[in-house]
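Protein sequences, first through last, are from chains A and B. Basically our numbering = 1-based index in the first sequence + 56. Basically our numbering = 1-based index in the second sequence + 56.
Bear in mind the hints are in silico, worked out from the structure with no lab data behind them. What you are looking at is a predicted structure, and each value in this text was computed from that prediction instead of being measured. Quick reminder that beta carbons are idealized off the backbone N, C-alpha and C, glycines included. A few of these clues could be false.
Unchecked claim - Here are the simulated BS3-like pairs of lysine-lysine, each with C-alpha atoms no more than 25 Å apart in a straight line:
1) A:K146 - B:K146
2) B:K147 - A:K100
3) A:K181 - B:K146
4) A:K146 - A:K60
5) A:K112 - A:K181
6) B:K60 - B:K147
7) A:K147 - A:K112
8) B:K108 - A:K146
9) B:K100 - B:K115
10) B:K147 - B:K80
11) B:K112 - B:K100
12) B:K181 - B:K60
13) A:K181 - A:K60
14) B:K181 - B:K115
15) B:K92 - B:K115
16) B:K92 - A:K181
17) A:K60 - B:K146
18) A:K108 - A:K92
19) B:K146 - A:K92
20) B:K80 - B:K92
21) B:K80 - A:K147
22) B:K181 - A:K146
23) B:K147 - A:K60
24) B:K100 - A:K147
25) B:K146 - A:K147
26) B:K112 - A:K146
27) A:K112 - A:K60
28) B:K60 - A:K146
29) A:K112 - A:K146
30) B:K112 - A:K147
31) B:K100 - A:K80
32) A:K146 - A:K92
33) B:K147 - A:K92
34) B:K112 - A:K60
35) A:K147 - B:K115
36) A:K115 - A:K146
Said to hold, decoys possible - One-sided excerpt, in silico: chain A residues whose CB lies under 10 Å from chain B:
37) C62
38) I70
39) L91
40) Q95
Number of protein chains: 2
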Amino acid sequence: MISKTCGYAIRGVIFLALENNINKRIGIQEIAEELKVPQQFMGKILQELVRKDILKSTKGPHGGFYVNDSILDLSLIRIVEAIDGLGVLKKCFLGREECSSENPCPMHDEFEVCRSSIFETFQSKNIRYFVEHIEDGTTFLAT
Amino acid sequence: MISKTCGYAIRGVIFLALENNINKRIGIQEIAEELKVPQQFMGKILQELVRKDILKSTKGPHGGFYVNDSILDLSLIRIVEAIDGLGVLKKCFLGREECSSENPCPMHDEFEVCRSSIFETFQSKNIRYFVEHIEDGTTFLAT
DNA sequence: AGAATAAAAGACCCTTATATCTTTATATTT
DNA sequence: AAATATAAAGATATAAGGGTCTTTTATTCT
Chain A
57 MISKTCGYAI RGVIFLALEN NINKRIGIQE IAEELKVPQQ FMGKILQELV
107 RKDILKSTKG PHGGFYVNDS ILDLSLIRIV EAIDGLGVLK KCFLGREECS
157 SENPCPMHDE FEVCRSSIFE TFQSKNIRYF VEHIEDGTTF LAT
Chain B
57 MISKTCGYAI RGVIFLALEN NINKRIGIQE IAEELKVPQQ FMGKILQELV
107 RKDILKSTKG PHGGFYVNDS ILDLSLIRIV EAIDGLGVLK KCFLGREECS
157 SENPCPMHDE FEVCRSSIFE TFQSKNIRYF VEHIEDGTTF LAT
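Make the full structure from the sequences, and use the hints.
Here it is in structure tokens:
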């Protein structure tokens, strides 16, 4: 559905939002260790999110990645859009070039339900929602 | 979700089931043209399905791939199993190594609904179901 | 038997996703 | 100012998925 890269990106952003204290920067090493993901690869992904204005970063000692409180209002769909593009949520389940309700593949209707429920989640849930569930202890970021 | 390869496989099997007359064999060229998929690649996929005893084939003039009526009772999950393996339906949405209802990622519950609905479709619907919808003209195999 | 036909099989190639390594730029500390 | 820590940037490596090409094998027709 979404790429592994995009999953890492989402987990990274939620992690930064969780740790968000005023002006606190978190190094890529700590992020990668906490989330149990490859450090350099995570670095590239977070850099991309900086370029897309979803995160901020500073170099030098005590540098690192950080977010400000407005991140809590960001809807997940913005991260998916930045990493995979929205097209990832529209591809035909059976690999046809074109697939739509007017010209559906055999799985189209069944899958459309899922597709739109995932899309609705990405659209309507913001980072705050996910942060709260992590703080609750009802969901987990690291394996 | 499932691989493109697996989507081609499903479309190929449904196509053969549609065209199934006694002892009729269909060449890979015709199959690929009808479904608008790469011929050689489709050949490899159908060969794999022959090895997995889902299809049959014969070489030589008037050879080709074919199925018998029992194909209509095959559930789609058997094709997914043969090509991608059932693991493809169990992967964590956010790319964690382990993800379960006891140790859920932030998207786990939302995605579980989709996952199980897709699984249920694959499990419960047989080829006959899809063949009927194609014959109806309500769904389409080729783009 | 020989020619023609069609799938099987395997080697190979291209693209994308995933991941790592190296160098550079920048900020902080001393 | 110099040393140091740290991320940015970009080149490179690896693996998997997707796709093509060539040779072999089996079948049928003449």
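Tested hints:
no.: 1; hint: A:K146 - B:K146; verdict: 21 Å, holds
no.: 2; hint: B:K147 - A:K100; verdict: 23 Å, holds
no.: 3; hint: A:K181 - B:K146; verdict: 23 Å, holds
no.: 4; hint: A:K146 - A:K60; verdict: 17 Å, holds
no.: 5; hint: A:K112 - A:K181; verdict: 22 Å, holds
no.: 6; hint: B:K60 - B:K147; verdict: 17 Å, holds
no.: 7; hint: A:K147 - A:K112; verdict: 32 Å, violated
no.: 8; hint: B:K108 - A:K146; verdict: 31 Å, violated
no.: 9; hint: B:K100 - B:K115; verdict: 14 Å, holds
no.: 10; hint: B:K147 - B:K80; verdict: 39 Å, violated
no.: 11; hint: B:K112 - B:K100; verdict: 13 Å, holds
no.: 12; hint: B:K181 - B:K60; verdict: 20 Å, holds
no.: 13; hint: A:K181 - A:K60; verdict: 20 Å, holds
no.: 14; hint: B:K181 - B:K115; verdict: 31 Å, violated
no.: 15; hint: B:K92 - B:K115; verdict: 23 Å, holds
no.: 16; hint: B:K92 - A:K181; verdict: 39 Å, violated
no.: 17; hint: A:K60 - B:K146; verdict: 14 Å, holds
no.: 18; hint: A:K108 - A:K92; verdict: 24 Å, holds
no.: 19; hint: B:K146 - A:K92; verdict: 20 Å, holds
no.: 20; hint: B:K80 - B:K92; verdict: 21 Å, holds
no.: 21; hint: B:K80 - A:K147; verdict: 33 Å, violated
no.: 22; hint: B:K181 - A:K146; verdict: 23 Å, holds
no.: 23; hint: B:K147 - A:K60; verdict: 10 Å, holds
no.: 24; hint: B:K100 - A:K147; verdict: 23 Å, holds
no.: 25; hint: B:K146 - A:K147; verdict: 20 Å, holds
no.: 26; hint: B:K112 - A:K146; verdict: 34 Å, violated
no.: 27; hint: A:K112 - A:K60; verdict: 22 Å, holds
no.: 28; hint: B:K60 - A:K146; verdict: 14 Å, holds
no.: 29; hint: A:K112 - A:K146; verdict: 30 Å, violated
no.: 30; hint: B:K112 - A:K147; verdict: 31 Å, violated
no.: 31; hint: B:K100 - A:K80; verdict: 54 Å, violated
no.: 32; hint: A:K146 - A:K92; verdict: 30 Å, violated
no.: 33; hint: B:K147 - A:K92; verdict: 17 Å, holds
no.: 34; hint: B:K112 - A:K60; verdict: 36 Å, violated
no.: 35; hint: A:K147 - B:K115; verdict: 35 Å, violated
no.: 36; hint: A:K115 - A:K146; verdict: 38 Å, violated
no.: 37; hint: C62; verdict: 8 Å, holds
no.: 38; hint: I70; verdict: 6 Å, holds
no.: 39; hint: L91; verdict: 9 Å, holds
no.: 40; hint: Q95; verdict: 15 Å, violated
Taken one by one, the earlier hints fail for this structure at numbers 7, 8, 10, 14, 16, 21, 26, 29, 30, 31, 32, 34, 35, 36 and 40, listed in ascending order.
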